[in-house]
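Peer 1: So the chains spell out like this:
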Amino acid sequence: MPDQRNSAPSLGVCYYPEHWDEGRWPADLQRMRSLGIRYVRVAEFAWSRFEPEPERFDFSWLERFLDLAHQEGLAVVAGTPTACPPKWLIDSMPDMIALDEDGLPLGFGSRRHYCFSHEGYRLKCRQIVTRMAEAVGAHPAVYAWQIDNEFGCHDTALSYSPTARTRFRQWLRQRYRNIAALNHAWGNVFWSMEYRDFDEIELPNRTPAEPNPAHRLDFRRFSSDMIRQFQQVQLEVLRHLSPGRPITHNFMGGFTDFDHFEVARDLDFASWDVYPLGFLASVPFFPESDRKHFLRSGDPDYGALHHDLYRACGRGRWWIMEQQPGPVNWAPYNPAPLPGMVRLWTLEAFAHGAEVVSYFRWRQAPFAQEQYHAGLHLPDGQPDAACAEIAQLTKELSVFDGETPERGDVALLFDYEADWTIAIQPQTVEFTYLAEVVRFYRALRRRGLNVDIVPQGGDLTGYPLIVVPPLPIVRPEFVEAVRRSTGLVLFGPRLGSKTAHFSIPPNLPPGPVQEFLPLRVVRVDALPRFAPQAVHWNGERYEAEIWVEQVTGDLQPLARLEDGRGVLFRHGRFLYLAALPDARWLGDLVKMVATEQQLPLMDLPEGVRTRRFGALRFFFNYNPHPVKLAPFEGLEFLTGGTDLPAAGVLIGRRKGR
Amino acid sequence: MPDQRNSAPSLGVCYYPEHWDEGRWPADLQRMRSLGIRYVRVAEFAWSRFEPEPERFDFSWLERFLDLAHQEGLAVVAGTPTACPPKWLIDSMPDMIALDEDGLPLGFGSRRHYCFSHEGYRLKCRQIVTRMAEAVGAHPAVYAWQIDNEFGCHDTALSYSPTARTRFRQWLRQRYRNIAALNHAWGNVFWSMEYRDFDEIELPNRTPAEPNPAHRLDFRRFSSDMIRQFQQVQLEVLRHLSPGRPITHNFMGGFTDFDHFEVARDLDFASWDVYPLGFLASVPFFPESDRKHFLRSGDPDYGALHHDLYRACGRGRWWIMEQQPGPVNWAPYNPAPLPGMVRLWTLEAFAHGAEVVSYFRWRQAPFAQEQYHAGLHLPDGQPDAACAEIAQLTKELSVFDGETPERGDVALLFDYEADWTIAIQPQTVEFTYLAEVVRFYRALRRRGLNVDIVPQGGDLTGYPLIVVPPLPIVRPEFVEAVRRSTGLVLFGPRLGSKTAHFSIPPNLPPGPVQEFLPLRVVRVDALPRFAPQAVHWNGERYEAEIWVEQVTGDLQPLARLEDGRGVLFRHGRFLYLAALPDARWLGDLVKMVATEQQLPLMDLPEGVRTRRFGALRFFFNYNPHPVKLAPFEGLEFLTGGTDLPAAGVLIGRRKGR
Amino acid sequence: MPDQRNSAPSLGVCYYPEHWDEGRWPADLQRMRSLGIRYVRVAEFAWSRFEPEPERFDFSWLERFLDLAHQEGLAVVAGTPTACPPKWLIDSMPDMIALDEDGLPLGFGSRRHYCFSHEGYRLKCRQIVTRMAEAVGAHPAVYAWQIDNEFGCHDTALSYSPTARTRFRQWLRQRYRNIAALNHAWGNVFWSMEYRDFDEIELPNRTPAEPNPAHRLDFRRFSSDMIRQFQQVQLEVLRHLSPGRPITHNFMGGFTDFDHFEVARDLDFASWDVYPLGFLASVPFFPESDRKHFLRSGDPDYGALHHDLYRACGRGRWWIMEQQPGPVNWAPYNPAPLPGMVRLWTLEAFAHGAEVVSYFRWRQAPFAQEQYHAGLHLPDGQPDAACAEIAQLTKELSVFDGETPERGDVALLFDYEADWTIAIQPQTVEFTYLAEVVRFYRALRRRGLNVDIVPQGGDLTGYPLIVVPPLPIVRPEFVEAVRRSTGLVLFGPRLGSKTAHFSIPPNLPPGPVQEFLPLRVVRVDALPRFAPQAVHWNGERYEAEIWVEQVTGDLQPLARLEDGRGVLFRHGRFLYLAALPDARWLGDLVKMVATEQQLPLMDLPEGVRTRRFGALRFFFNYNPHPVKLAPFEGLEFLTGGTDLPAAGVLIGRRKGR
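Chains as they are written, first to last, in the working numbering: chain E, 20 to 676; chain H, 20 to 676; chain S, 20 to 676.
Some hints here could point you the wrong way.
Chain copies aren't distinguished; within one or between two, either way the pair holds.
Claimed, not checked - Here are the simulated DMTMM-like cross-link-like pairs (lysine to aspartate or glutamate), alpha carbons at most 20 Å apart as the crow flies:
#1 K674 <-> E655
#2 K414 <-> E449
#3 K414 <-> D582
#4 K311 <-> E562
#5 K311 <-> E652
#6 K610 <-> D420
#7 K610 <-> E138
#8 K414 <-> D607
#9 K311 <-> D582
#10 K311 <-> E281
#11 K311 <-> E559
#12 K311 <-> E581
These are computed hints drawn from the structure, not numbers from a lab. Fair warning: this is a prediction, and the values are worked out from it, not measured in the lab.
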């Protein structure tokens with residue numbers, strides 16, 4: 020059984036035994052071993068092979084595969100097949116289908132067509148996972164479990180089914196106890212939306228005007244809870260029938276439709292699926308200039324942000340369960356990565372602490388939905404381009420021997436509810452939570468700082484710098500964590516602007532954070548992208564964009580708009596940004612606070628990023644052209660040099676260690 | 020009881036007693052009075068408080084509020100709560116819900132979810148209004164009534180419900196008497212759309228190709244009639260049970276889904292809801308350059324056009340029922356107005372003859388859908404920015420003492436059916452009726468002319484200049500009004516291009532207007548915005564855009580295309596524009612005709628507008644920067660001077676009065 | 020009875036007797052004759068007049084019309100009225116309505132609201148066509164039949180009705196015999212999409228992720244077959260009851276939702292409906308610069324491509340059933356054509372071999388949906404602009420006397436399945452099949468080459484040059500045809516990239532074409548439009564765009580990317596383009612291969628095109644300005660000269676003939 024990450028990290032691969040003739044298995048597994056792969060993830064879409072007819076189960080083929088894997092010394096991550104209930108099951112309980120926001124049913128014929136709330140489906144999932152765990156849960160090749168696959172993918176986290184409605188009413192009853200409390204909490208008097216009973220409450224869809232935001236927020240929370248409950252059914256079975264095997268779920272990038280901290284809390288480690296080129300092509304907020312420049316390498320910060328996020332979700336333990344190994348198939352366009360990019364992405368993940376990077380997939384599927392998705396091998400079995408990069412990697416991974424990660428320079432707050440709250444009432448279409456987190460993360464990473472992501476309840480002590488992107492709903496545990504922190508805290512706008520029930524706090528924003536910041540936000544100027552506002556700070560002219568707050572109080576502003584109103588305030592170790600800063604302003608602001616806290620700032624060329632891991636320091640060139648790094652003191656070069664080719668990586672170790 | 024507008028106009032405010040602790044009412048009302056507010060509008064969303072359970076009514080809280088208001092000398096506009104039927108009511112007659120164009124039901128949880136055609140709901144509305152009028156209709160504080168709220172808001176004027184279908188069939192039966200007449204009028208033979216009976220007729224939705232335009236136009240007329248009928252039920256009750264109180268409805272800006280002239284005909288005065296910044300950000304036809312320049316002031320003509328429109332709807336009596344007092348919440352982005360802009364907007368409304376400007380709302384709501392909508396006060400009760408501007412205003416309003424409005428320089432025709440007709444068959448996506456009305460209105464207002472809006476049946480005598488934007492369906496009463504007029508008439512294109520049954524007139528366009536203009540339109544060149552056509556007129560080169568007609572007849576053209584075809588014709592006092600003119604051409608054309616008619620032309624700086632009211636003349640600076648006006652003769656300055664700051668207003672009075 | 024096309028071609032017109040008073044028929048028909056029109060197409064929307072009540076038939080009016088036409092010597096094309104089932108029929112079998120992709124029913128009130136799969140509707144169609152053929156099938160004026168009208172128009176080729184589902188299951192059962200074969204062919208194991216029975220299979224709509232592409236492709240094939248079956252019911256009746264009359268259907272431009280080769284295979288000749296200005300304004304892939312330049316003439320190649328396509332569909336015999344005679348009504352904007360353009364379009368069609376060009380329509384309809392669609396006459400009966408051009412044409416058509424068309428210089432492959440396959444999995448949103456066919460066709464036509472369109476099963480022998488745009492699914496008959504060909508073959512990318520069951524071929528792309536090209540495509544770089552890739556060929560720099568393949572094998576590349584990888588390969592007489600070439604590169608490539616094959620290349624001014632027909636050579640000026648052609652040797656000018664006005668046509672005849 021492989022160790023946990025405290026020595027060299029490992030490689031894995033996703034393999035679908037059911038997709039190939041059984042006769043190919045032995046050679047595939049031998050080649051995996053020879054390529055240096057240690058983990059094989061299987062079975063998460065195989066329900067129709069586990070239960071081809073109702074109540075006729077067959078796990079024998081998986082057992083044969085596990086035997087072979089075990090012989091090759093490979094460790095298997097077994098996936099529960101609940102993302103793909105087969106047609107006969109749908110036909111036996113048609114109301115398990117999810118309904119979209121228009122109330123129309125989803126169709127069978129791809130995946131994720133089920134509703135998380137459906138009790139019958141939950142029972143059926145309990146059964147299939149029980150049978151599977153009984154069959155292979157004790158097999159020596161089974162190292163770990165993955166539950167389902169990419170919860171919420173294809174916009175399925177929210178279902179507007181009658182079943183969801185019934186459970187939502189129950190959930191609300193439990194939360195509010197009596198209907199008057201709910202009416203008051205939601206402000207239902209506003210448009211005669213008051214209910215006489217929980218059973219009068221509908222799901223918040225298809226209303227002529229926007230639904231009550233408190234209604235929507237509770238529906239988001241409920242939907243997130245449904246996913247957690249859905250997963251718990253399987254967790255309980257697996258813990259009982261396959262003890263000692265860690266359990267994970269593979270989360271997605273750029274996906275915030277449920278609370279990943281909550282859903283990951285029940286898991287032993289987190290994992291996520293990394294598609295840098297697909298992300299760059301499809302995430303709406305990247306500008307076209309970036310889409311073009313980083314076409315074949317991906318945004319230099321987006322993946323790193325997620326690494327740090329899932330390290331937090333996994334409480335230190337996390338994997339890459341799927342790593343893009345070449346062009347993918349699902350984005351609006353799907354370019355090939357730069358040569359060397361698969362290696363770079365893999366090293367970036369390990370430099371952020373990943374235990375395993377597992378490539379999706381072993382062999383390109385010649386049939387069905389993902390035919391244009393590259394694998395490590397072509398459909399005919401020949402190695403694809405990534406194989407050579409993996410061969411190089413397996414020789415390089417020993418640099419990690421004995422290194423352990425250190426606490427980051429900066430704690431960056433991340434909160435799923437913040438995303439929902441802003442999405443429900445953005446006030447300007449330009450404002451999306453994830454884009455703002457990227458704004459702050461990018462500014463820190465461009466200065467060479469190591470960032471730790473922290474949820475609202477997380478510990479902030481020991482961080483010299485704490486950065487809080489827009490956080491509308493501030494919870495008591497966060498106020499307590501800030502109280503106990505000692506670092507400089509840079510708060511972004513929209514802070515404390517809503518109560519837990521989606522109201523403006525009685526003392527106005529930043530609500531409970533007024534404990535640290537004696538100011539009140541009295542007005543919001545929510546702008547289109549084409550109307551940035553000039554800002555003056557330290558004798559320089561910058562720009563605020565999209566969101567500018569009007570603040571009252573006695574603090575002298577550090578930065579001002581043209582009309583003299585303040586947009587940056589400081590009170591002791593607390594700074595408040597009352598506007599969204601452009602990249603140059605935020606960059607200079609980060610420089611100022613990091614310098615004050617004596618953090619290890621770097622001046623990096625455009626498109627180059629760095630990361631420290633133990634005594635190691637990595638430099639990653641995301642540019643499609645070579646760059647020359649400035650000379651270093653105190654760094655022993657292990658791989659590469661200051662002349663970084665396109666997609667090049669320089670690995671150094673602190674001297675005098 | 021306040022007088023009708025013939026002395027200084029008054030201020031009002033929208034207040035929701037049911038949203039606040041009863042203990043706050045007295046202080047709120049005292050402060051209203053001290054701010055100079057005379058009118059309070061209440062109750063239009065309070066059904067769930069008037070009838071918390073089926074048939075259990077409670078108006079006592081409103082009576083207590085009215086008592087307090089009366090003590091403070093405030094006059095109340097009481098709203099009927101029919102825009103927000105409560106959930107228990109929906110559950111008791113689920114088919115009262117409106118259906119969208121896809122035939123899918125709207126959901127409960129916001130407002131306006133009902134279908135205007137539903138008899139059960141109409142009966143229920145009659146009951147609640149009866150009970151309300153019985154309870155408070157004779158209360159001395161009740162000055163006026165408002166019926167429902169913003170008919171048609173959130174795209175609800177058209178409902179595709181079975182109920183609507185049934186009533187539509189009845190409506191058609193009444194209109195056409197026999198089905199052969201309908202088949203002939205609609206041209207149903209065209210694609211075998213002939214019906215054997217009225218009960219075969221469906222609503223015009225979800226057809227693979229476009230539905231018959233005559234079918235759609237009649238459905239628009241029907242839907243407009245349904246709103247009028249819906250309102251009449253309540254009018255009848257209120258006139259009976261609360262005699263002597265004028266009745267209004269608050270209409271919207273930029274909204275043409277029903278015939279406001281018709282619906283307002285039954286009312287005692289009109290009112291409308293003014294959101295200049297929201298309009299600029301959301302109305303599709305404003306160019307981005309304007310969106311940016313007037314970001315914090317709103318389009319300088321759009322609000323004014325509506326003032327003139329609703330003065331016409333109200334036959335001289337009209338209010339602003341809701342005036343934007345700061346940032347709003349519902350546009351794609353929501354900037355803050357320039358300091359001084361609330362005052363400017365208010366004075367602009369009064370300069371157009373508004374009796375009352377009522378701000379929406381007294382206090383920003385900290386809960387539910389409109390939390391980001393500013394009020395006169397912050398959620399915590401402190402005054403927001405607009406309060407200071409209102410304080411200034413209350414001192415200035417005495418300038419209006421003794422002034423009475425005069426007839427405008429120009430009559431501008433406005434017709435709701437024209438909007439529907441063009442929307443049903445635009446022939447180029449660039450053509451929208453409202454944009455064209457703005458085109459003509461703006462050209463007039465930029466020359467400093469006072470405009471009166473006139474409907475097709477309206478009196479045109481006495482106007483030296485009459486401007487007719489695109490008017491496809493010309494009604495006999497309009498022909499008669501033109502016949503009796505004596506001014507210069509400038510007709511726009513598309514004139515008389517359709518009969519009442521949406522056909523091409525037998526004598527070709529301009530149909531009945533050939534009585535005044537001996538020409539025939541034989542072809543239309545419907546263009547994309549990127550292909551304007553050069554026009555030569557008076558030795559200058561201009562452009563026609565979007566729509567160019569080919570005209571035959573004996574008239575010599577005044578303006579010609581490159582190929583020599585005419586696009587501007589004159590016959591006696593009648594001018595015909597056979598194309599849409601660009602701003603420069605139309606500006607020069609207005610100058611020519613206004614000069615000929617000796618109208619008081621002005622040369623105004625960009626972004627500045629003027630308005631005469633009795634002996635008063637106002638100048639409004641909509642620019643975000645100061646401007647210097649040219650010196651004036653014959654004007655005594657009451658407020659401000661020729662150096663107009665951003666958002667500044669100069670008020671002068673004609674000397675020697 | 021008119022001859023088949025081997026002498027001068029003829030003109031026709033679309034006429035709707037049921038739309039006009041019977042008293043107007045004689046004069047209309049006389050004027051047709053005097054204008055030189057020989058064919059009149061009637062009746063395709065007249066069901067409600069043929070069967071005004073269920074089972075009450077009336078063809079007497081049509082008989083009277085035919086008598087009159089016969090007296091005038093006009094030949095009639097009689098349309099079956101099945102595109103417009105009347106309301107009483109829909110009400111009698113409501114499930115004959117087609118359902119859209121959301122599963123929602125289409126509405127009555129326009130046309131094409133039926134589902135092709137519905138057995139009841141097929142039976143009813145058999146009856147109405149039987150009755151019609153019995154009534155007029157032997158009438159001497161009836162020259163030909165047209166079945167239905169524009170199959171699939173308004174997105175109706177695919178219906179998601181329960182009826183379609185039932186028939187689809189039957190169709191699949193017939194195709195695959197047992198469900199295991201289907202599961203294997205589709206790769207249903209991929210996401211547990213395996214079925215136990217054909218009756219478990221749903222239509223491929225509303226799936227959360229994309230449906231299985233093999234599932235979608237079979238649904239496309241099935242839907243195409245339904246149209247063919249639907250047509251066959253009527254063909255059988257007409258062949259039996261109206262023998263000797265050729266039968267056609269009028270297809271559309273830019274429409275690929277069913278296989279026109281297959282549906283036309285059962286017909287005696289093909290026909291299509293030509294709207295050059297509407298196409299240019301609405302087809303998504305034309306750039307705005309072209310939309311502006313050719314605003315009033317239409318794309319200079321798009322119509323010509325379709326002429327060649329429908330000549331292939333009709334196996335040499337084809338008509339224009341509807342020719343745009345002025346502005347139309349259905350595009351986003353609808354400009355007027357250049358003076359002379361109707362003549363140019365008509366001559367272009369005849370130069371491609373059309374037997375008849377029939378104008379849509381005789382007189383502009385003053386009512387219902389198409390009021391803005393110009394005709395040959397205005398609604399009041401006066402001649403519209405096209406009449407003069409037709410008068411000129413009738414004098415010119417004798418140039419065709421004795422000329423017969425020759426085989427083209429180039430065979431260009433066209434395949435409907437290729438369109439479906441690429442649409443189902445484009446891999447980049449920029450890739451559409453029709454745009455790529457236009458890319459290749461345009462390059463050939465700009466060099467003055469005559470192109471023949473050939474389907475996969477078509478004969479390629481004798482063509483010196485064969486061009487194959489992207490052809491994912493290569494069928495054995497095509498491989499055989501290539502084998503037997505002797506010309507130079509230029510293959511485009513994506514060739515042979517899918518099997519018949521939508522899988523990657525076991526030997527990788529180009530699959531079976533590896534017989535001719537020893538190379539394998541191992542990766543695809545699917546790009547956004549903003550990231551073209553530099554290509555070096557023959558010492559020049561060009562660009563590849565949208566799609567670049569990575570190829571392995573022993574062939575030396577002729578053209579290379581910056582990184583040295585090949586994108587153009589040659590093996591004997593076979594060339595393979597592994598990327599989409601920009602216009603300049605493709606133009607030079609065509610020049611090279613055409614020169615090698617000694618084809619008659621021309622250097623034409625921008626916007627000018629040429630076409631040879633027998634001994635005739637035509638030059639068409641699509642520009643809105645005059646051009647001067649280079650002097651010619653060996654050409655006798657019949658009409659016009661080298662100074663071509665806007666919309667001008669030069670007709671010459673080879674000297675020494």
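Peer 1: The structure should be examined with respect to each hint, and the outcome stated for every one.
Peer 2: Hint check:
1. K674 <-> E655: within (6 Å within a copy, 84 Å between copies)
2. K414 <-> E449: neither (45 Å within a copy, 40 Å between copies)
3. K414 <-> D582: The answer is neither: 60 Å in one copy and 27 Å across copies each exceed 20 Å.
4. K311 <-> E562: between (25 Å within a copy, 16 Å between copies)
5. K311 <-> E652: neither (34 Å within a copy, 50 Å between copies)
6. K610 <-> D420: Cα proximity of K610 and D420: none, with 33 Å in one copy and 61 Å across.
7. K610 <-> E138: neither (53 Å within a copy, 68 Å between copies)
8. K414 <-> D607: neither (40 Å within a copy, 48 Å between copies)
9. K311 <-> D582: between (38 Å within a copy, 18 Å between copies)
10. K311 <-> E281: So K311 and E281 fail the 20 Å test inside a copy (36 Å) and across (43 Å) alike.
11. K311 <-> E559: neither (30 Å within a copy, 24 Å between copies)
12. K311 <-> E581: Between copies only: 17 Å across chains, 35 Å inside a chain, cut-off 20 Å.
When the structure is compared with the earlier hints, violations turn up for hints 2, 3, 5, 6, 7, 8, 10, 11 and for no others.
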